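Keeping the supplied structure of chain P fixed, place chain X with the ligand upon it in accordance with the hints.
Residue numbers (the numbering used here), protein chains in the order written: chain P, 356 to 625; chain X, 2 to 342.
It should be emphasised that the hints constitute simulated quantities derived from the structure, not laboratory data. Please read all numbers here as calculations on a predicted model, not as lab measurements. Among the clues, some could well be false.
If you only want the chain X side, here are some residues facing chain P, beta carbon under 7 Å, derived [as the list claims (entries may be wrong)]: (1) S97; (2) A186; (3) Q198; (4) L236; (5) A324; (6) L336.
Where is the CB? At the ideal position from N, CA and C, for every residue including glycine.
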Amino acid sequence: MSTPYQIVVCGSIVPDPLQTLEPVAGPAGPALKNEMMLPAVLDPWAWHALFEAAHLAKGAPGSKVWLVSIAPKAKLQQVMMTVAQKAPFELVAVDGPSSGFTEAAEAAAILADAIKAIPGLDMKKLLVFGGWESASRGAGATMQIIGERLGITDQFQGVDKLTVAADGSLEILERIEGGKHQVSKCAGAPAVLGWATGNLPDPPNNPQTGMMNMRTIMPALQRAKPAKLAAEGVKFVSVTQPSQRRGTKIVKDTSPDEIAKEIVSWITGE
Amino acid sequence: METILVLAHTETDGSLAKPALEALAAAKSLGGTLVAGLVGDNVQTAANCIAGWGAAKFLAVTGADFAHPRYATDAAAAEAIAKAAGATVIVAPATSRWNRVLSGVAHRLGGRADTHVTAIAAAGGAISVNRWYYRQRMEAVIQRAQRPWVIALDPGCVPAWQGDAGTAAVENVAVTLADAQKRTAVTGLKAPAADQQTIRPDAAMLLVAGAGWTKKQADGQTHVPDAEKLILGFLKLTQASLGGSKSLVDLGGEGQAVLSFMTHLHQIGQTGSTPRHQKGLSTCCHGEEPHTVGWRFVNERRAISLDPNCGWARGKANVLYVADAFAVMAKVNELLAPKKA
Ligand SMILES: Cc1cc2nc3c(=O)[nH]c(=O)nc-3n(C[C@H](O)[C@H](O)[C@H](O)COP(=O)(O)OP(=O)(O)OC[C@H]3O[C@@H](n4cnc5c(N)ncnc54)[C@H](O)[C@@H]3O)c2cc1C
Numbered sequence: 356m357s358t359p360y361q362i363v364v365c366g367s368i369v370p371d372p373l374q375t376l377e378p379v380a381g382p383a384g385p386a387l388k389n390e391m392m393l394p395a396v397l398d399p400w401a402w403h404a405l406f407e408a409a410h411l412a413k414g415a416p417g418s419k420v421w422l423v424s425i426a427p428k429a430k431l432q433q434v435m436m437t438v439a440q441k442a443p444f445e446l447v448a449v450d451g452p453s454s455g456f457t458e459a460a461e462a463a464a465i466l467a468d469a470i471k472a473i474p475g476l477d478m479k480k481l482l483v484f485g486g487w488e489s490a491s492r493g494a495g496a497t498m499q500i501i502g503e504r505l506g507i508t509d510q511f512q513g514v515d516k517l518t519v520a521a522d523g524s525l526e527i528l529e530r531i532e533g534g535k536h537q538v539s540k541c542a543g544a545p546a547v548l549g550w551a552t553g554n555l556p557d558p559p560n561n562p563q564t565g566m567m568n569m570r571t572i573m574p575a576l577q578r579a580k581p582a583k584l585a586a587e588g589v590k591f592v593s594v595t596q597p598s599q600r601r602g603t604k605i606v607k608d609t610s611p612d613e614i615a616k617e618i619v620s621w622i623t624g625e
Numbered sequence: 002m003e004t005i006l007v008l009a010h011t012e013t014d015g016s017l018a019k020p021a022l023e024a025l026a027a028a029k030s031l032g033g034t035l036v037a038g039l040v041g042d043n044v045q046t047a048a049n050c051i052a053g054w055g056a057a058k059f060l061a062v063t064g065a066d067f068a069h070p071r072y073a074t075d076a077a078a079a080e081a082i083a084k085a086a087g088a089t090v091i092v093a094p095a096t097s098r099w100n101r102v103l104s105g106v107a108h109r110l111g112g113r114a115d116t117h118v119t120a121i122a123a124a125g126g127a128i129s130v131n132r133w134y135y136r137q138r139m140e141a142v143i144q145r146a147q148r149p150w151v152i153a154l155d156p157g158c159v160p161a162w163q164g165d166a167g168t169a170a171v172e173n174v175a176v177t178l179a180d181a182q183k184r185t186a187v188t189g190l191k192a193p194a195a196d197q198q199t200i201r202p203d204a205a206m207l208l209v210a211g212a213g214w215t216k217k218q219a220d221g222q223t224h225v226p227d228a229e230k231l232i233l234g235f236l237k238l239t240q241a242s243l244g245g246s247k248s249l250v251d252l253g254g255e256g257q258a259v260l261s262f263m264t265h266l267h268q269i270g271q272t273g274s275t276p277r278h279q280k281g282l283s284t285c286c287h288g289e290e291p292h293t294v295g296w297r298f299v300n301e302r303r304a305i306s307l308d309p310n311c312g313w314a315r316g317k318a319n320v321l322y323v324a325d326a327f328a329v330m331a332k333v334n335e336l337l338a339p340k341k342a
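Just chain P, same shape as in the assembly (with noise of 0.2 Å):
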């Protein structure tokens, strides 16, 4: 028989990968120009975490799905049109900003604090999910301070696959250097995972699943506390935008046999 789970899953929003980023000084340190008018998505890595959430619920009859998220409520609202519509999940959201500049640390306290207020909440049954990296702060730290808050040291990052054994373990691959994966074996939950691109391709949208989601969401939203996420004890220095364009040379109308050359010639430094 298979265990049900309680997948928490934690992922905020981040700007559209598609649109040009400019950092600006704002009152309270660094933030991006025109930050609330930008597009957002779900943050890329904690969207295949969710896929990979409800696969594994999917296939573990009575699990059930949450998705943590502090962002700006009408922008979280925006972007869970799109997300409701590709999985089951209950949204427990955090009214706050989804800024790249904020602490980790600040911003896996409230997280933890809002996986704890979680309703039957079972530490046997808990695993923890969330992206390896954010897009945003990409420092890999939020996920592993909330599992310090919850006392959970069975951690993973980098994961690509989850495996549940017959007798409830759990096997793990972790990307490692050199385009490896570390196989691991954990007795079960609860449990940490940051996830990498997993093995899922995103699932088609599915209305029903969207319109279900929709009745939680509105009231979550609605419910969303105001937190405050900031930056304390960090100083900016500067933050500045890689600005120097290379002058490219385009190669048009030449053979390939002269372009061949030439790059050979660049490769070998001959």
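Using the frame of chain P, we list chain X with the ligand on its own:
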């Protein structure tokens, strides 16, 4: 004055890898009291190799329980060493092993961690670190009030420490493990066979393949087997590392024609990796401008694309060849083959 601890783990052969030596060099440049902290099955050989580094103390947590990367035991070891050292600043190489635990360790110590740091400097009594935000799209220099301050330095950012070996007096720091810390066991590694491994972080050259390799060509057909042969041939001849665009590595999941050796581990860019190589050649990529962060840490860049407006090239590459990559790469391989022989 800061007490600066360098935390390093040994490799399976008991040595210290290059990123650890880079962390030693970076820490030494800061001034302050230096302490070396080592974790591994047996660390004496490693400690002896860095005997001349200038450590006031060598602290270690050793034993079979600490041989493999595992959160519970690595975190316990790092925490114990940091406490024994009375460290205010902890510099560690940002290896997958340390990246997994250091932020958790900073939390236990009541401090803070900064990861993926690309430079560390001390001036006027203050330490500053550089790190990138929004997936390598902007770089910040930051200072911190909190201590201990854990700094994970990305590999390849500073020259490795070089110095005299000797005999180091290593003090063991005792860590008693509970059963709960051994619920996870590392059972092995999974990797393609050595001659099939196309991700080579130490290579001088990066070849980036885009989805164009799998698209219909001028004759209205796809030529995936030819593309595979050309790419693998080039990698074999140059020992370059292979990277792929998101579109290309995603094709597999979408059931389309794929290059059989391409996995998500190859993906570079905003939601992939940003590897460090001296030279980079992108082929059949289009990629909108923000995704060219895959190039961020590649010094000399060239691109081959049929599209003269390729986002990987305009303003990003030093040279763009507007040409058919199939024809060019076939010729490149032909010219390289005798050189290799
Ligand atoms: C959330 C999100 C995250 C993303 N993250 C990443 C990321 O991390 N990395 C990334 O790369 N992308 C990322 N992208 C995708 C990115 O926007 C582009 O879609 C993608 O990089 C384009 O892939 P491509 O260049 O391989 O393919 P295409 O856009 O398909 O371009 C193929 C190119 O090949 C050329 N071509 C075809 N045949 C030949 C030939 N014979 N010779 C020469 N040229 C030829 C064509 O002219 C064309 O320019 C992301 C997108 C999103 C939405």
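Query raised in the report: Which numbered hints are broken by the structure, listed smallest first?
Result: Of the numbered hints, just 4 does not hold.
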